[in-house]
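Peer 1: Since chain W is already given, all that's left is putting chain C on it; use the hints.
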Amino acid sequence: MALDTVQDYVDYARELLQDTKNSPYRYSDTSLVRALSLSLPEAKKLRPDLFLNVTIPTFSTAAMTASVPMDEMYRTSLAYYMCGIAQLRDDEEVQDQRAAAFLGMFQAKLTTVS
Amino acid sequence: MAAADITRLMNNARLRLTGATDAVLQQELFAVMDEFFKKSNVWNEDIDVAVPGLDPAGTIYELVPSGSALIDKLLWVFQKPADTSIGRGPGVNAAMSIPGQLTLQTQPSSDVIYTVTVALTVQDPTLKNGYVTFPAWVLAKYREAILDGLLGRMMTQPSKPYTNSQMAVFHMRKFVQAAASARVEWARNNTYRAQAWAFPGGFSGGSQRGGRSGWGGPA
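Chains as they are written, first to last, in the working numbering: chain W, 88 to 201; chain C, 133 to 351.
If you're looking for bench data, these hints aren't it; they were derived computationally from the structure.
Take the hints with a grain of salt, since some may be wrong.
[Stated by the list, open to error] Some chain C residues judged to face chain W by a derived CB distance under 7 Å, without partners named:
{"#": "1", "residue": "T150"}
{"#": "2", "residue": "G151"}
{"#": "3", "residue": "T153"}
{"#": "4", "residue": "A155"}
{"#": "5", "residue": "V156"}
{"#": "6", "residue": "S291"}
{"#": "7", "residue": "P293"}
[Unchecked claim] Residues of chain C placed beyond 10 Å of chain W at every Cβ, according to the derived structure:
{"#": "8", "residue": "Q159"}
{"#": "9", "residue": "A163"}
{"#": "10", "residue": "Q289"}
This structure is a prediction, so every number in the text was calculated from the model and none was measured.
Note that beta-carbon positions come from the ideal geometry of N, C-alpha and C, so glycine has one too.
Bound-form chain W, shown alone (with noise of 0.2 Å):
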């Protein structure tokens, strides 16, 4: 699966969360989103080359087909992030592991060959 849209990343970041099954969800599609739209200038501030001639969109719910503009060789940094977001909301211990690994994943994606 390509990571384009705004749908994309939002069921990429479901694989990793292990939250596929939508009984309800346990990570909801707004907060999902949410973290997408934090995610792209997290990476402006650690890569502003990426984003040379690009306007950072903030993304909603209503337009899950929106294309997300990232250079394709960064894009998994993106959803790594909204992973690591989604985990901070846990107060559990092995949570707060697992968001600081994809937190610490997306800028090693960003700033290093990894």
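Peer 2: Same frame as chain W, now just chain C:
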């Protein structure tokens, strides 16, 4: 630029710069070419300027390159000879305190045409696909130098997957040396072990008075 040459340059850069995007490579290529042209002077253009007789002293003559380029330096000015068998007329003392604005030390008393040679560098806008425009032969002749400049500049960027300060120094040193060699080659008119000229321009009527040599550099 020739498509094959620019494709080769970009592919060479991409495989040495893990994770670099084309937009950034194009951004840095502009800066590399600007530095290369300013250091080497290899991109020249002759611009004919018609000067009416008895213009007041200090009259400014606007110089406009034919293509998308920025005038960097005034190299030399010669009178355009009426006889087509002569390459250059007498040399003329001139200045360009603001790039693109030519002033003459002495105004001519009758209408003349001067051939003004300027050194050019790159300028915006770039092409639609983001590439800077400059003569194709420059990339073909100096591809290694340009690649070194591009790699060096990219590797100096902080906190990127391709950041490498040691290799940046290595590549920038090679780039600076290559630009200096290009300047020497240009001064010799790309002629192996030879002077740039066949005989002094002053021979055709110029004077060495006023601190200006009769020779005007590459013909």
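Peer 1: Give me the numbers of the hints this structure contradicts, sorted from smallest to largest.
Peer 2: Hint check: 8, 10 fail, others pass.
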